[in-house]
Each structure stands twice: as structure tokens, then as C-alpha cells.
Amino acid sequence: MANNSNTSNLDSFQKQKNKDEMKKQLISFALMIGFTLIAFAIVASDVISDMFVVPVILLLAVIQVAFQFYYFMHMKDKDHEWPSIMIYGGVWAALLTIAGLVLVVWW
Amino acid sequence: MSHDHSLNPETMPHNPEKATLEGRNKFLGLWFFLGGETVLFASLFGTYLALKNSTAGGVASQDIFGLGLVFLMTMLLLTSSLTSVYAMYHMKNNNFKKMQLWLGVTGLLGLTFLGCEIYEFAHYINDYDFTFRSSAFGSAFYTLVGFHGGHVLFGLCWLTALMIRNAKRGLNLYNAPKFYTFSLYWHFIDVVWVFIFTVVYLMGSVG
Amino acid sequence: MSIAATQKKGVGAFIWEYLTTVDHKKIAHLYLVAGGFFFLLGGLEALIIRIQLISPENDFITAGLYNEMITMHGTTMIFFAAMPILLGLMNAVMPLQIGARDVAFPFINSLGFWLFFFGGVMLNVSWFTGAPDAGWTAYAPLSTTSPGHGVDYYILGLQISGAGTLMGGINFLVTIVNMRAPGMTYMRMPLFTWTTFIASTLILFAFPALTVGLFLLMFDRMFGSAFFDVALGGNSIIWQHLFWIFGHPEVYILILPAFGIFSDIFPTFAKKRLFGYTAMVFATVLIAFLGFMVWAHHMFTVGMGPFANSIFAIATMAIAVPTGIKIFNWLLTLWGGSITINSAMLWSLAFIPSFTIGGMTGIMVAASVADYQYHDTYFVIAHFHYVIVGGVVFGILAALHYWWPKMFGRVLNEFMGKLAFWTFFIGFHLTFFIQHFLGLMGMPRRYWVFLEDQGLDTGNYISTIGAFFMTFGVLVFLYNAIYSWVKGEKAPADPWGGRTLEWAIPSPPPFYNFKQLPLVRGLDPLWIEKTEGNGKMTPAEPLGDIHMPNNSIIPFIMSLGFFIAGFGFIYQTDYNAAYILLFGGMAIALGSMLVRSLKDDHGYHITKEELEREAD
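If you read the protein sequences in the order shown, they are chains F, A and Z.
Numbered by UniProt numbering, the letters in the first sequence go through residues 1 to 107 in order.
Numbered by UniProt numbering, the letters in the second sequence go through residues 1 to 207 in order.
Numbered by UniProt numbering, the letters in the third sequence go through residues 1 to 616 in order.
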């Protein structure tokens, strides 16, 4: 079965690759924590007027989620074309749903 | 069984979760499921946003949400996302013991998160008399946050079953996809939480 | 396990085999039989509705029973007849068309069927205690205030079967992406496979909205929440949005596979390659994309305002463009072809004008200003029956005649096929064409009676006569199906001179489908081999062991658990004892999940020697 032909040794090259990948993950994590801190700080401190707070924290959330998807869940890697299509499809349907419920319900 | 999927470091493929057709199927199936989950949570978010000011004269979001606890919960869940990344890192290096260790940490963080959420709900119910039935806002709040909590609970049960079942036999090509799909699911729970703390708690505090 | 062990031994073994099967072809049989049964039930309900409306102020059934009848007719036909029969056809044909030995998740495939089945049973159990009566759309607050447990059965039945459908959709998506035979590129896939893929995508994105809508309704009815309760700040329009965000893609989930069926039948019987294959694929994708942005055209009269109404009206009309592309491509496929007319082809040919009429009235109701006049009248009834019966039901019947030999190893009788077609076709137009005019004259839908001498008497009478014609047609088809089972003519592997892979293997196919995976050299792979090769598919691999999944009873037990829990949810509002059902049922379902998760299931192998022993 799959244990000899299409496999290879877990060589030092691969180990190093995994390690580099892990470094990127850690940077992503640091950034995500940073975005979270900024979002909470903005809301807690009243430095920005209420009108701008909502779009800013929403933007921070979207960026943070992009890191989660592309780095933590590896959507940036190859072999992730179909996952990307389906996630973006879901996001599109999600945006329509939210627009429908938020805008049209209160029209 | 005519074949044994057990692996030793000599025969480890680079991506054990995608080395078999079953693995690739599980990988894609879970991703597609997450696409559907996106719409599921969008429907709940939309409902919440439509009803968040429908307090029927009862308590409103500004009256009750405390950012301290939510910040703690966010840190717990974000960290658990990182620990599950560590677990996958050790899976790719075929280090089963370390993978189990990091998965265990992930589970504990998730459990603590769930504990905080239960405490939070109990606090709202007991101290503010704010329940699922008190207003449309209450119904929408508990349903949205509760659905997320339910997902965390399901994830914890899944993780426990996986860890116990495979504790003694180590990593192989049959269970590697199972661990990997769990980690994807767990990240997605974190994604949903990012929007919950932003849309429900932070926006709710702004008013 | 070996081939010998899977052969049937007796009635008990036969039933056990079907309860535990994970073979997509057998699951297809289950879908077709169960869906067919619900189709007969829904048809009976339709007939009762038409008998009630045969004359003014008729009292064949009571007003309350009439409400139950219309609700159950709509719900049953959409969710428990059309959907499962299409899923059955997809199961039977799609893996063969892409040259796969099985689907990606055989276990989940079986689970999807059993969830659908128990959901359908759940809904119909309500006949004994009071059926749902809030219409198949279950608009709040009518549905939240409807007394008794009818609507509760509706909620739980749809929730359980909806979960099954979602699983089925994901299963098909992964199958098509991961399990195509060597050389079967995306742009070589038969149109039925393409439409299965696109419809599954729609299932994936549309069903979660229904799931949430049903949960909200369930919480309001059973647990005292206030989503649709205006007194506590709720908003009943949310239900309408969620329902139609699901509901409009749902009609494309139904019609796209039917489009795929016709796109496979026309080339076969015109002996011509499908005209504009690429355009057909992109038109399908475009319809699916636009189909997500038009849900609010069901709600023009809700008061969304002229701005929102205009947007949704224009998006709706835009769908006519890709649909028109499809209609013209079918006509051009027929153009100059060497056409054989048989039952499958009759249904397909009849589809084109019938569906086009439905499309035309679709444009009419899409005009949001005019829709104020059409809304909730028989005009709308006529419109959607023209697209759903003229499109989906004609498609299903065409597909059944076309693929019956492949699915059951018998050919359907041609004379009976034609008799069923002509009576049903005439009956269909008799029933529904006149309803356009009834609607324009102001007859509202869902009314129990109409008054005498308002110009509605003759139209309703004709409509009911048509319903009897349709009933006769269905009964002839049913007899034909049973007849073919008892003494139908044995089907050859390729009775129609087929073009696609499913006709390259015996009828019915062996349980492993392809002894060796075929090498696909282009669109219509079998036709290429017939015209350029030796008429047989070239194997893409040497003969070797085949890996097969094990049968399992767990899907059945898990679905049964949810079914039992459903009763617990419904009756916990009345009796505390119902919590036993609720927790007991959930324990069975979750326990089954745990068993599935803990117990390794590696499947088994059919060895090369066994395959060689099998007679060719």
C-alpha cells in the first residue's frame, strides 16, 4: 500500500521546511493577538468616535480571520483550490444572507 | 487486515493527512462542510443583527456585556488555535507523543473557554434576569453564542474520542486525516469566535 | 468478505442487505422507492385538493383538512419526492459517469438516505395526530401560532431530512472532485455530472439557512423564545428571508439536475454531440450564481420598498439569459440529428415547450410591479407547476426511462411508457394551463372553496379533470415499473447506443462498477471509442485488487435515534415523560456516532483472482 512507493524519508530538508512554516505560524499568531488587543483597546478607550469604531473593528476581524484561514488552515498552500472556492462561495452566500437580514428586514 | 498503516519515521509521507484517497476525501469533505457552516453562522449573525436592539424594554447589550471576561475567553480560544497548529506541526514530524500533548493543551483551553461561557450565561441569568425568553434580543444572543458553544462542546467530545482511541497505537495513515480534520474544525470555531467577539460583544458595547 | 458472501440468500438477507448497504447503486434504489412512495402520497393529496375544488362551495373535505392537504402536498413533493428521486438518480448514475467505483463517503451516503427516510416518515406520522396546516412555506406568525403539533412535525421532519440532504451534497462534491477516472477532466464530464456538482454546491450553501430557520421556529414553538414574537421585539419577516434564502436555491437544486438529464438524453437519441457543451456548463454555473441573489422576489408584496424590489426583479430576469442559452442549445442539438423517439425522448421533447411556458410566466411574476396583481393567486400556482412538473417531473420520468435498464437491468415497456406520457402530458396542461386564467381572474391560492358564478366554475372543473388524467398516467407508469420487474425484457449493457461511461459496463453494473478503471480520451468517452477505437473503453490500470467499504447498520440506527428524539422534542411541551424519548433518542444517535468513530473500518479487498473468476 502507501508505505513504500510514494513516500520518502522525513529528511532534514523537510524538517527544516516544517520549522520555517512553524515560524510563520507564530508570526501570524502574534499578529492575531495584536489585532485582538487593538480591537479591544479601541472599544475600551474611546479614542476613536463611535461612528468609526464599528468599521475599524470589523476590518480587524476580517484581517485576523484571513490569517487564520491562510496560515493556520493552510489555505495559501497548493491543493487548496477547492477549499478556497467553497469558502469564498460560503462567504458570498453569507454576505447576501446578512445583507438580506440586516438591510431588508429594516427597510 | 492485509496491510498495516502504522508508520515509522523512515516511511513518513510529508502530508500524512493527504497520503490516502480516504484522507483526501476527508480533507475536502470537511472543508466543504465548513463552507456550509459559514452560511449557517451567517444566518445566525444576520438574525442577531436584525434583533439586537429588540430588547422589549428589558436589558440591552450595553447594560450587561463585560469586556474583561470576553477578552480572557478570546485569548483562551486564540491560544488553543495555536496549540492545535503545534499539534499538526508535530504530526508532520511524526512525533506522536508531542502531538498528543499539544492536542491535550488544546482541549484544556477549549474546556476552560466553555467553563467561562457557562459562567457568563449563568451570570446574565442570575444577576440580570436576562434569559432566552426575555426578549427577541435574548433569544438571538443565546442562540448565536450558544450555537458556537455547542460547536466547541462537540469539538471537545470529538477530540477526546480521537485522543483516547489512538493513545496506544500512535500515528498512522488511517488516523492522521482524522486529527487533521479536527484541527481544521477547531480553527473554524476560532474564526466564528472572532466575529462573535467583534459583532456581539465589541459592537454591543459601543452601542 | 468476498463476492459470494454478498450475494443474496433469502428475504431476510435481502432486507438486511438493503438496511446496511453502502453501495451507491443500492442506495439509489432505496431513494427511488422511498421517493416514489412519497410521490404517490403527494399525488394523492393533490388529487384530493382538486376534487375539493371541482365545483363551487364543495364540502368534500373540511376547511381544516384542506389546509393540511395543501401543506402536506407541497412539503412532500418538494422535500420527500422530487429531492430524493433526484438524489437517487445522482447516486445511480453520477459515479458511473465519472468512472468511479464508489462515492467518496459510502457510509455518509447511507446515513443521508436514512435521515431523509426517517424525516419523511416523521412528517407523515402527523396524519395520525393532526398534520401541519401553515402552508409548505410555514410563514410566521401563522406557523408559530398554529395549534396542535402539526407544525412541530413539519419542523422536525424537515430538520432531520435536511441534515441528510446536506451530507448527500457534500458527498457528491467530494466524489466528483477526487474520484474521476484517469482522463476525465472537468470539461469532459457529462452534463448530468456537472449539474449534480452544481446542485450539490447549492445544497451546501442553501440548506444551512433552512436549518437555522427551522431551529428558530422550533425554539419559538417549543422553548418559548421570541424570534417571531412581535410582542417581545421579534420580527416575523426574518423567517421569510431565511426560508427563501434557502427556498429559491432549492428550486435550482431541483431543476438543474433535470437540465443535466435532458442534456444527456438529447445527444444520445439525436446521435449528435451536445451543442455548445462549454456554454451549457457555464450557463449552469451562472444560473446557480444568480439563483442565490433573487430570493426576495418571493416577497415583493412584503414591503421591502421599490429599491430592493427593483434589484431583485432585475436579478431574477437575468436568469432568463442562461436558461435561454440552454433551451437554444437543446434545440440545436436536435437540429439535423438522427432522432429516435421513444418514451425517454418524448418526456424530453415535451419538456422544452412546457418549461418555456413556465419560464415566460416567471418573467411576468418577476416584474415586481405586476407581481402585486399575481401574488398569492392561481397564476403563481400555474407558474411554478409549469416549471416544477414541466421541468423536474418530466426530467425525472425521462431519466427513469433512460436509465431504468442501467439501474434495474430491465427495459421499461415502450407502449406503456408512451401511454403514460400522453395521458400525463395532456392532463398536466389541462390542469395547469387554465389556472393561469383563474389566477388572472382573481382566484386566490390556498382557499378552501370558491363561490358560484364568478367565472371560476368551468376553469376549476377542467383543472380537476386534468388531475385525473395525470393520475391515470402515473398509475400506468407504476404498473409499467412493476411489470418490468416481474417479466420485463432483460437489458443489454448499452440499449440506446449511449455515449457516456455508464453504458460501457453491464446492466445492472457489478457492485464494484469497473473491473479496471477506464481511460477517458474526451467528451462522450464511449462514443469516441465506438467511432475511433474498438468500441470498448481502454483500461487505465492493470487488473488488481479492488478496495471496497464494509456494509454497516449504524446509519440506520443513528437515524432511528434522531427520529425517536424528534418525538421527544415535539411532546416535551406536553408530557415530561417525553424527555425519555428526547434523551434516549439522542443517546442512540450520539452513541452510534461514537461507535463509528472508535471502531476502525478499513473495508475489504476483492482480490484479483476473484475478479478473474467473474464471467465477463
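Just so you know, the hints here were simulated from the structure itself, not pulled from any lab data.
Glycine included, every Cβ here is placed at the ideal spot set by N, Cα and C.
Incorrect hints may have been included.
[Said to hold, decoys possible] Taking beta-carbon pairs under 10 Å as the criterion, some of the chain A residues facing chain Z (in silico):
#, residue
1, Leu21
2, Asn53
3, Asn95
4, Lys98
5, Ser135
6, Phe137
7, Ser139
8, Val145
9, Phe147
10, His148
11, Arg165
12, Lys168
13, Tyr174
Quiz item: Close enough to count: is the Cβ of phenylalanine 137 of chain A nearer than 10 Å to one in chain Z?
Solution: 6 Å, holds
Exercise. For the hint on phenylalanine 147 of chain A, just tell me whether its beta-carbon gets within less than 10 Å of chain Z.
Key: 8 Å, holds
Exercise. Would you check whether valine 145 of chain A satisfies its interface hint, that is, whether its CB is within less than 10 Å of any CB in chain Z?
Key: 14 Å, violated
Exercise. Hold the hint about asparagine 53 of chain A up to the distance rule: shortest CB distance to chain Z must be less than 10 Å.
Key: Nearest chain Z Cβ about 8 Å off; hint holds.
Quiz item: At a threshold of 10 Å, is the proposed contact between serine 135 of chain A and chain Z supported by beta-carbon distances?
Solution: At 5 Å from the nearest chain Z Cβ, serine 135 of chain A passes the 10 Å test, so the hint holds.
Quiz prompt | Agreement of hint serine 139 of chain A with chain Z interface, Cβ distance less than 10 Å | solution = Check passed: Cβ of serine 139 of chain A comes within 4 Å of chain Z, closer than 10 Å.
Quiz item: Does the CB of leucine 21 of chain A sit less than 10 Å away from some CB of chain Z?
Solution: 7 Å, holds
Quiz item: If you take the shortest Cβ to Cβ gap from tyrosine 174 of chain A to chain Z, is it below 10 Å?
Solution: The hint holds - tyrosine 174 of chain A has a Cβ within 10 Å of chain Z, the shortest such distance being about 7 Å.
Quiz item: Once the shortest beta carbon distance from lysine 168 of chain A to chain Z is found, is it less than 10 Å?
Solution: 13 Å, violated
Quiz item: Should the hint that arginine 165 of chain A touches chain Z count as held when the rule is a Cβ pair under 10 Å?
Solution: 5 Å, holds
Quiz item: Hey, does the histidine 148 of chain A contact hint survive, CB to chain Z under 10 Å?
Solution: 13 Å, violated
Quiz item: With 10 Å as the cut and Cβ atoms as the points, is lysine 98 of chain A at the interface with chain Z?
Solution: 23 Å, violated
Checked against the numbered hints above, the structure violates hints 3, 4, 8, 10 and 12; every other hint is satisfied.
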